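Engineer: What follows is each chain in one-letter form.
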Amino acid sequence: MMNTARLFLAALPLLAFGACSTVAYDDPDKVETLTIDFGSTDLQTMASNMVTSLNSAPQLAYLENPSKGSDKRVIMLMGGVNNRTTEHIDTEGITDSVRSALLQGGRFRFVVAKQGQEEIGDQVRFQQGAGRVDPSQARSFGKQLGAEVVLFGTLRSIEKTKGRSLENGLTKKEDVWYQFVLECTNIETGEIIWSNIKEIRKGEKKGIFG
Amino acid sequence: MNFSHHLTVTSLTRTLGACGLALLLGACTLTPRGAQNSYQGTTGKLELERIEGNRSLAASLLIQDPIEKLVDGRQVAQFKLQNTRSSAKRFAWAVDWFDEDGFRITDVARVFEPVSLGGNGSTYITITSPRAGKKMSWKLIVTDPDEVH
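Which chain is which? The protein sequence lines are A and B, in order. If you're matching positions, the first sequence starts at 1 in the working numbering and goes up one per residue. If you're matching positions, the second sequence starts at 1001 in the working numbering and goes up one per residue.
It should be emphasised that the hints constitute simulated quantities derived from the structure, not laboratory data. Just so you know, not all the hints are guaranteed correct.
Once the Cα atoms are required to be at most 27 Å apart in a straight line, the calculated BS3-like pairs of lysine-lysine come out as [said to hold, decoys possible]:
no., chain 1, residue 1, chain 2, residue 2
1, A, Lys-172, A, Lys-205
2, B, Lys-1080, A, Lys-30
3, A, Lys-30, B, Lys-1069
4, A, Lys-206, B, Lys-1089
5, B, Lys-1089, A, Lys-162
6, A, Lys-72, A, Lys-114
7, B, Lys-1089, A, Lys-72
8, B, Lys-1139, A, Lys-30
9, B, Lys-1135, A, Lys-72
10, B, Lys-1139, A, Lys-172
11, A, Lys-173, A, Lys-206
12, A, Lys-205, B, Lys-1069
13, A, Lys-173, A, Lys-30
14, A, Lys-30, B, Lys-1089
15, A, Lys-172, A, Lys-162
16, B, Lys-1089, B, Lys-1134
17, A, Lys-173, B, Lys-1134
18, A, Lys-172, B, Lys-1135
19, A, Lys-160, B, Lys-1139
Per the computed footprint, the stretches of chain B lying under chain A, defined by three or more beta-carbons under 8 Å from a beta-carbon of chain A, are [said to hold, decoys possible]:
no., stretch
20, 1056-1067
21, 1101-1112
22, 1136-1147
All values derive from a computational prediction rather than experimental measurement. Note that CB positions come from ideal geometry on N, CA and C, so glycine has one too.
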């Protein structure tokens, strides 16, 4: 009876700590390693790496030629990222981060992709046909910017797992390697004028109780 | 007397066992947290201004051989990070850029990139200014991988 009471007393503080749950705002830049799966740190790292490389890529300098007038920015279309991993990853999160950072960098202009064309079409048809918009201000089709380059890429992974065994102390090991490839292609010539690869490797070791 | 003594020893063993198990479970979730070290430099000035709030990290991870050059008007700097310990070192780094007037350039988000460096290993970090310009300055921030958990 005494033993049970002592054990209960010893476990009580631990149970109390475990029972505490908190909600708090946290730094979005913190390194996220909750699980081995693709996470926010991976997305931020990949996007940041590509943006830095693109902003300083000399391969795109020929597109910033004087014939463009005062605005020499490169007109870009943000294509998609093909997810070839086994995980469900919203790759638009990567493309949105890359596009947003590139826009702020001031070297590129972006034309709207498929997602925005329907909204633009609806609005132009409304302005032209509804009779509610001042005709002098009604926008028309045929004046969109033509993209010079398109940016698209691939995300792939290789995963390996080593199960629990006495040999490795009943621990379970997982390893995942991500490769993110982004390419910039000249739309007119089809030439790939810039390409960059960012690789990330993550490992997880689960203990006996993990 | 002996029976009572045996009971006490058994209960003590059980209590210690329970505590040990709990500590073991808790140890699985421990992650390193710590203060940051920052290294600041400006164009043409290779001597780093160091603020090392995390002495443990500063002792085990040396920032060496800073070099820089201009590429298409953009400042590019490179550092060597040397792990002085024989065990693997995990850390995260990020860089902030500042314009000629000292204002932080917000074109790119601050991203802490996690790095794992083998024992006595070294790696190089190359940073490029987000804009072309002269007299840009940068601050390299190195920290323990302060993790979301």
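Engineer: Are the hints correct? Go through all of them and say.
Structural biologist: Here's how the hints hold up against the structure:
no. : hint                    : in the structure
1   : A:Lys-172 / A:Lys-205   : holds (6 Å)
2   : B:Lys-1080 / A:Lys-30   : holds (23 Å)
3   : A:Lys-30 / B:Lys-1069   : violated (30 Å)
4   : A:Lys-206 / B:Lys-1089  : holds (20 Å)
5   : B:Lys-1089 / A:Lys-162  : holds (23 Å)
6   : A:Lys-72 / A:Lys-114    : holds (25 Å)
7   : B:Lys-1089 / A:Lys-72   : violated (45 Å)
8   : B:Lys-1139 / A:Lys-30   : holds (18 Å)
9   : B:Lys-1135 / A:Lys-72   : holds (24 Å)
10  : B:Lys-1139 / A:Lys-172  : violated (39 Å)
11  : A:Lys-173 / A:Lys-206   : holds (6 Å)
12  : A:Lys-205 / B:Lys-1069  : violated (42 Å)
13  : A:Lys-173 / A:Lys-30    : holds (24 Å)
14  : A:Lys-30 / B:Lys-1089   : holds (18 Å)
15  : A:Lys-172 / A:Lys-162   : holds (6 Å)
16  : B:Lys-1089 / B:Lys-1134 : violated (35 Å)
17  : A:Lys-173 / B:Lys-1134  : violated (49 Å)
18  : A:Lys-172 / B:Lys-1135  : violated (51 Å)
19  : A:Lys-160 / B:Lys-1139  : violated (37 Å)
20  : 1056-1067               : violated (count 0)
21  : 1101-1112               : holds (count 7)
22  : 1136-1147               : holds (count 3)
When the structure is compared with the earlier hints, violations turn up for hints 3, 7, 10, 12, 16, 17, 18, 19 and 20 and for no others.
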